[in-house]
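S.K.: Residue numbers (the working numbering), protein chains in the order written: chain A, 1 to 700; chain B, 701 to 811.
Keep in mind the hints are simulated off the structure, nothing from the lab.
Among the hints, a few may not be true.
What the hints assert, rightly or not - Label-pair restraints from in silico Cβ distances:
#1 B/Phe772 with A/Arg273: 22 to 28 Å
#2 B/Val804 with A/Leu47: 26 to 32 Å
#3 A/Asp73 with B/Gly740: 46 to 52 Å
What the hints assert, rightly or not - Capping the alpha-carbon separation at 20 Å, the derived lysine to any residue pairs in SDA-like fashion look like this:
#4 B/Lys731 with A/Asp440
#5 B/Lys792 with A/Asn58
#6 B/Lys731 with A/Arg280
#7 A/Lys647 with A/Gly659
#8 B/Lys731 with A/Leu287
#9 B/Lys792 with A/Ser53
#10 B/Lys792 with A/Asp57
#11 B/Lys724 with A/Tyr198
#12 B/Lys731 with A/Pro234
#13 A/Lys290 with A/Trp274
#14 B/Lys731 with A/Tyr198
#15 B/Lys731 with A/Gly235
#16 B/Lys724 with A/Ser53
#17 B/Lys724 with A/Arg605
#18 B/Lys731 with A/Ala233
#19 B/Lys731 with A/Glu236
#20 B/Lys731 with A/Arg605
#21 A/Lys647 with A/Glu558
#22 B/Lys731 with A/Val469
#23 B/Lys731 with A/Asn58
Please read these numbers as outputs of a predicted model, since none were measured by experiment.
Ideal placement from N, C-alpha and C gives every residue a C-beta, glycine not left out.
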Amino acid sequence: MTAREAHRTIDAVWKLESGRVIAGLTRMVRDVGLAEEFAQDALVAALERWPTSGVPDNPGAWLMAIAKRRAIDHLRRAERLDRKHEVIARDLESQPDTSDIDDAIEELDNEVGDDLLRLIFISCHPILPTAGRVALTLRLLGGLTTDEIARAFLAAEPTIAQRIVRAKRTLAEQRIPFEVPAGPELAERLASVLEVIYLVFNEGYSATAGDNWLRPTLCLEALRLGRILAELAPGEAEVHGLVALMEIQASRSAARTGPSGELIPLADQNRGRWDQLLIRRGFAALLRAKQLGGPPGPYVLQAAIAVCHAQARTADETDWAQIAALYDGLVHLLPTPIVRLNQAVAVAMASGPAAGLALVDPLTGQVSLQGYHLLPTVRGDLLAKLGRHAEAATEFEHAAALTRNVPERTLLLERAEAARNQTATTTLAEAADAFLARPDLDADTIRSYGQTLRRLRHDLGEHIPLASVTAGQVAGMCAAAWGNAAARTWNRHRAAIRSFHAWADGQGWAIGPLAAGIDRRRAVDGPAEAIDRQGIAALWARTDAALRERTLWRLLYESAARAEVALSLNVEDLDLADNRGRAGGRWVRWESGTATLLPGLIMGRTRGPVFLADRKPAPARTPAAEDLCPETGRRRLSYERAEYLFKQATKPHDPTGHGYTLHQLRHSRLTHLGEDGWPAPLLMHLSGHENPRTLGRYVR
Amino acid sequence: MRFLMLSNPGDSQPDETLYVEMGKFIDELSKQGVLLATGGLDPVGTRVQSAGGELTFTDGPFAEAKEAIGGFALVEVRSRAEVIEISRRFWKIVGDGEGRFHQVYGPEDAQ
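Work out the full structure, taking the sequences as your base and the hints as a guide.
M.R.: Written as structure tokens, this is what we have:
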């Protein structure tokens, strides 16, 4: 044979045999680095002799025999008489003379399975950094050269060489034993091996069309290692699970790339191009895993998910409910953000986009997903399905900015554009719903805005396009609905419309200047006007008001307390002797006017709210226990009711005819006291104001 | 790369040792993750001819011994040199005979 043919053959033989040779040698010399050296010596010898003598019948045994001879020679010739080396050398010599090829063959066959397994475990030992494990495994078990490994991982050759050197050194220094782990250690060590194999596979799987040809071959290397491991350790379900996963993933490689090199997502792949041979192998491997029994591990679960996809002849026939159920289990074992993201996709397909979105939203803050373009892609997809097109467009644009893959970026920008086009046809109802669904609004704001928008939708129509709503229409509607309302109400609705417009505009929706025709009204009843002293006196003279009302009003004036605080008073917190009561964390102090009226109102009660409503509450609307009188069963008087009664009662007194507010009693009291010369600190003590500036208006 | 390896059936009857050896060889190739599919073919077979839109089916065995295929193996390897090496080992077990192998085109060859 020519030198060139010889070299190619030797290279092929090396890749097929080197793992087993190194494994057998490691058992003998107890050092992976040394073992590789001697194996390399044998390779050199093969390169020298085989071109002329031809390839031997059993090349593996030939290499083994030569390597062993070299090992013995080296150990004898070691300059420092290291006892250990001497002992090993003696051990090697005491074994039957294995420079005889036949014996070497037999020995190789007997032990090779176990040795190979030991070599796999040692080269994937968790004490080595992952990159070191990968490089060492590919070198020792895959027979790849340092250069090949470097090019496959897009790294520099010296970097890979360093990793391998360091890995060997660590194994020697730490005296890692050459054995198959047993018992509880096995699970962890096996996980480390599977991690390395899957890492190699994914590196190859992620290769794009523009990469060098060596990268996709990593998939084959990983598959081979997995298949070998499955034969060496057939009792381990997770190994079969990993092999099944890789076989099925690899089955899709022909369908994954489009004509211009773009990646085609699973749902859009032409399933006729899936390699059924590999799929069948995947099914068989998963079956072996299942037959071993026991709770499924992460690889078995991932393989089961892959099988679900592979079993569906078209994307529509995919059993998403089953996949979502499998993810439920997987998320427990591997609660990583990526797995949770994939779970969200499955749940969305099985139970609708809203359910999926509920699982995606918590992931948006995850640090590890920040640069991951698939997160906004998935979110955008789900938002688009929910009709929230403007938000979807934003997400797609964000995803496009994150991906380096040009065809993918183009695709994402196209989807963003399509989503934006959708927003031109957004209806008023959709926009209003989206506006109110904002997570940054509190319940009160939502209620208030909701009121405004409900009227808008009712009067103008649910399904009219948002873009067609004019300022004139909105102005007309507001005038009809709230033209005669108080200025504050008018301004509140105006603010809601302005907020709606600003938000929709910010989302990129087409919307007219809705609030343009609505002017802000001057709030006539702005800061409360004080009731003059004659008015107050006239109020006390009202004998037609109920005892409760007269007591409340007197109390509010004399104490200058806030109405809510006064209404929250309970009988058990009253100190009648000292004309004070405890409420809202402070003392409410009244004077003789209130003191005369209170006992009559309390009527011998010992517990419960001081101010009670007229009737018992309906059974369906029972309030909390602290608002219910235990003796009469009536509930606490509400602010709204008290205010209403006061307003009605004071209409004759009020020159404007509107009636006064309860707050005005407090305000009037403070005003009068200020007129009487009370200094600010004293007023503050009475009123409970925290900011002295608020009292400024009272003090002379 | 995938290769389809074909071998002609020999004239001599295969003996026990051959079956055992071949069995071991197939096992080993499987364990190395190299063998994807393999099988022996029935020697009779059926020939199909299509001419002018008309299909003709003819049962074997066929006179042209050279074209007969006794068995096949589909292997996944890294290089042509590897399949040559596998071929060498196969024929070492079988002895005299003839066969051929063809590369099976994959997606990477489509470009």
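S.K.: Which of the numbered hints are not met once you compare them with the structure shown?
M.R.: Violated hints: 4, 11, 13, 16, 17, 20, 22; rest satisfied.
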